[in-house]
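Work the whole structure out from these sequences, hints included.
Protein chains: 2
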Amino acid sequence: MSKIRIAICGYGNLGRGVESEITKTGDMDLVAVFTRRNPEDLKINSNTPVVNMADLEAWKDKIDVMIMCGGSATDLPKQVPEVAKLYNTVDSFDTHAKIPEHFETVNKSAEENKKTSIISGGWDPGMFSLMRLYASSILTSGKTYTFWGKGVSQGHSDAIRRIDGVKNAIQYTIPIDEAVESVRRGENPSLSTGEKHLRECFVVAEDGADKDRIENEIKTMPNYFSDYKTIVHFISEEELKRDHNKMPHGGFVIHSGETGNGNKQIIEYSLKLDSNPEFTASVLIALARANYRMNKMGLYGAKTIFDVAPAMLSEKTPEALRKELL
Amino acid sequence: MSKIRIAICGYGNLGRGVESEITKTGDMDLVAVFTRRNPEDLKINSNTPVVNMADLEAWKDKIDVMIMCGGSATDLPKQVPEVAKLYNTVDSFDTHAKIPEHFETVNKSAEENKKTSIISGGWDPGMFSLMRLYASSILTSGKTYTFWGKGVSQGHSDAIRRIDGVKNAIQYTIPIDEAVESVRRGENPSLSTGEKHLRECFVVAEDGADKDRIENEIKTMPNYFSDYKTIVHFISEEELKRDHNKMPHGGFVIHSGETGNGNKQIIEYSLKLDSNPEFTASVLIALARANYRMNKMGLYGAKTIFDVAPAMLSEKTPEALRKELL
Numbered sequence: 010m011s012k013i014r015i016a017i018c019g020y021g022n023l024g025r026g027v028e029s030e031i032t033k034t035g036d037m038d039l040v041a042v043f044t045r046r047n048p049e050d051l052k053i054n055s056n057t058p059v060v061n062m063a064d065l066e067a068w069k070d071k072i073d074v075m076i077m078c079g080g081s082a083t084d085l086p087k088q089v090p091e092v093a094k095l096y097n098t099v100d101s102f103d104t105h106a107k108i109p110e111h112f113e114t115v116n117k118s119a120e121e122n123k124k125t126s127i128i129s130g131g132w133d134p135g136m137f138s139l140m141r142l143y144a145s146s147i148l149t150s151g152k153t154y155t156f157w158g159k160g161v162s163q164g165h166s167d168a169i170r171r172i173d174g175v176k177n178a179i180q181y182t183i184p185i186d187e188a189v190e191s192v193r194r195g196e197n198p199s200l201s202t203g204e205k206h207l208r209e210c211f212v213v214a215e216d217g218a219d220k221d222r223i224e225n226e227i228k229t230m231p232n233y234f235s236d237y238k239t240i241v242h243f244i245s246e247e248e249l250k251r252d253h254n255k256m257p258h259g260g261f262v263i264h265s266g267e268t269g270n271g272n273k274q275i276i277e278y279s280l281k282l283d284s285n286p287e288f289t290a291s292v293l294i295a296l297a298r299a300n301y302r303m304n305k306m307g308l309y310g311a312k313t314i315f316d317v318a319p320a321m322l323s324e325k326t327p328e329a330l331r332k333e334l335l
Numbered sequence: 010m011s012k013i014r015i016a017i018c019g020y021g022n023l024g025r026g027v028e029s030e031i032t033k034t035g036d037m038d039l040v041a042v043f044t045r046r047n048p049e050d051l052k053i054n055s056n057t058p059v060v061n062m063a064d065l066e067a068w069k070d071k072i073d074v075m076i077m078c079g080g081s082a083t084d085l086p087k088q089v090p091e092v093a094k095l096y097n098t099v100d101s102f103d104t105h106a107k108i109p110e111h112f113e114t115v116n117k118s119a120e121e122n123k124k125t126s127i128i129s130g131g132w133d134p135g136m137f138s139l140m141r142l143y144a145s146s147i148l149t150s151g152k153t154y155t156f157w158g159k160g161v162s163q164g165h166s167d168a169i170r171r172i173d174g175v176k177n178a179i180q181y182t183i184p185i186d187e188a189v190e191s192v193r194r195g196e197n198p199s200l201s202t203g204e205k206h207l208r209e210c211f212v213v214a215e216d217g218a219d220k221d222r223i224e225n226e227i228k229t230m231p232n233y234f235s236d237y238k239t240i241v242h243f244i245s246e247e248e249l250k251r252d253h254n255k256m257p258h259g260g261f262v263i264h265s266g267e268t269g270n271g272n273k274q275i276i277e278y279s280l281k282l283d284s285n286p287e288f289t290a291s292v293l294i295a296l297a298r299a300n301y302r303m304n305k306m307g308l309y310g311a312k313t314i315f316d317v318a319p320a321m322l323s324e325k326t327p328e329a330l331r332k333e334l335l
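Protein chains in written order, with the working numbering: chain A, 10 to 335; chain B, 10 to 335.
Since the hints were derived computationally from the structure, they do not count as laboratory data.
Among these hints, one or two may not hold up.
The list treats identical chains as interchangeable, and a pair is accepted whether it falls inside one copy or across any two copies.
Capping the alpha-carbon separation at 30 Å, the derived lysine-lysine pairs in DSSO-like fashion look like this [as the list claims (entries may be wrong)]:
| hint | residue 1 | residue 2 |
| --- | --- | --- |
| 1 | 33 | 12 |
| 2 | 33 | 273 |
| 3 | 281 | 205 |
| 4 | 325 | 205 |
| 5 | 123 | 325 |
| 6 | 94 | 69 |
| 7 | 250 | 273 |
| 8 | 325 | 107 |
| 9 | 33 | 305 |
| 10 | 255 | 273 |
| 11 | 94 | 71 |
This is the structure:
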């Protein structure tokens, strides 16, 4: 049986994750890495051909699914609707509020060209979304809580780096234990965002910078920090590089419902990830397998993980799945 | 829009659970309860018509999905292939080793009659199976562990009750904390069944019975107890009725994998259920909704939860799901 031919579009942390994790599958080959940069300037970790995005069309018959690895802010909203005219795509678009709009534009391109595009894969949106859907479909009267962390928030880290006198910084989002425990006990608390998470910041200040002012600017920053308990540590550049060079993340989806005469039923899903981009990449790879199969079945247009029958994600046959995993 | 017409076949704990939980949906009506008993002798908790199973065929045009609530040992293997000739069915067949055989016989009946039969729904098989599938499809190189409990095992309770001098008994399966914690830390231990679970038994002895002999017979019983750490408590019938009258259950599916250069990735799904049958019933109800939709789409034959696109389970529209849950 011939393998599914995968290409990566965009070579950042996520692209590198796909490149590394695809080697663990038995049914897929990585055939190309597309980049906006000059291909000769891009050093990658494998022997895969590197191609400029201008030559996208030339690979039309050599690629089954393109895994889009650009950013959600500007890359994906532009790239996916274009690429979906030529290729089946999988992306990790994660701007929750703009998902319906992204779905519509991608759907138009894909449907018109008989392509399949699975949007917003990963873990949130992605696996966490699935857990919210399953839990609320089963225990309809319950309440779902999502906690993120402990993990690095790129957006919050960037916001600190923009403050005058800050050389470098990293921010961890941390779920507040008491809130998690109350939800786990089925107490269905009402929790503001600031009651669910705290924010811990590790900041490298410029020489001679006013640390009190920096700490105050962080803690009072609207939207990002002012509504949260925020802890600020000043550390050296060496400490930052040594102790904070990983991209861990994770979190919990907890659904607390009731059945019958006051019987509590608690469903919890949690992820503890040493590498956020490598886990996201692993989800996208499984979705690429489903995408390939769904396209063969004539399921064209934009799809989400909600539309993917779970068996489609696995290398195993339906018979093996029933025998070994059911 | 007309509601999905549901019937229950078999009125035990599970049937009562379906009867109670279906009232929480907005898109389903319970239209009949089928029983092997004399309908006039069966007192049920709602005003639903009670019908003898001999009259199954007479309801052919009045029922969309039949939820099969009999036992896995003898009821379901016989009943489902018969009922699937006339109705779409959902069942909770849970004898893992016999699932492939059950699938084949049900598939034949359903396919020939353009019916859809979702087999082996619930939580294990069911939601736990799904979690094993998702996790192992994403982190292919990882290892999946399933722990059950704390919860009542009907089979083990029955085995104790068959011992001479035992009046009544209940057995709890309990995951061993150290084993769970080792798996959570990503240590991928090799664990025998006895290293994963212990068994706690609450036994009511007959007056004058030899408790030492009973305890010894329990602890040395092959398959059921001899491979486990087993704790036996003798209590009074009153204590049993007062303290052990619920049917709690639950457990964990933990998948521990690695990506990249030794990055640990841990996925955990857990259920903490006050009522095992009511939770199982809630899963079957969501599957009945999916069943109805899949049958309308022409997806005939036997299916499992692996074949059900998650969006099919929800009352919400695909648009609402993308906007609210993705």
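Evaluation of the provided hints:
In this homomeric assembly, residue 33 and residue 12 come within 30 Å of each other (Cα to Cα) only inside a single copy, at 13 Å, whereas the closest approach across copies is 46 Å. In this assembly of identical chains, the alpha carbons of residue 33 and residue 273 lie at most 30 Å apart only when taken from different copies (15 Å versus 40 Å within one copy). Proximity of residue 281 and residue 205 under a CA criterion of 30 Å is satisfied in both settings, with 18 Å inside one chain copy and 22 Å between copies. Proximity of residue 325 and residue 205 under a CA criterion of 30 Å is satisfied inter-copy only: 27 Å between copies versus 39 Å inside one chain copy.
In this homomeric assembly, residue 123 and residue 325 come within 30 Å of each other (Cα to Cα) both inside a single copy, at 26 Å, and across copies, at 27 Å. Taking the closest pair of Cα atoms, residue 94 and residue 69 come within 30 Å of each other only inside a single copy of the chain (10 Å); across copies the shortest separation is 47 Å, beyond that limit. Taking identical chains as interchangeable, the C-alpha atoms of residue 250 and residue 273 lie at most 30 Å apart only when they sit on different chains, with a minimum of 20 Å there against 46 Å within one chain. In this assembly of identical chains, residue 325 and residue 107 lie within 30 Å of each other by CA distance solely across copies; the values are 19 Å between and 35 Å within a copy.
Proximity of residue 33 and residue 305 under a CA criterion of 30 Å is satisfied intra-copy only: 23 Å inside one chain copy versus 38 Å between copies. In this assembly of identical chains, the alpha carbons of residue 255 and residue 273 lie at most 30 Å apart only when taken from different copies (12 Å versus 38 Å within one copy). Taking the closest pair of Cα atoms, residue 94 and residue 71 come within 30 Å of each other only inside a single copy of the chain (15 Å); across copies the shortest separation is 46 Å, beyond that limit.
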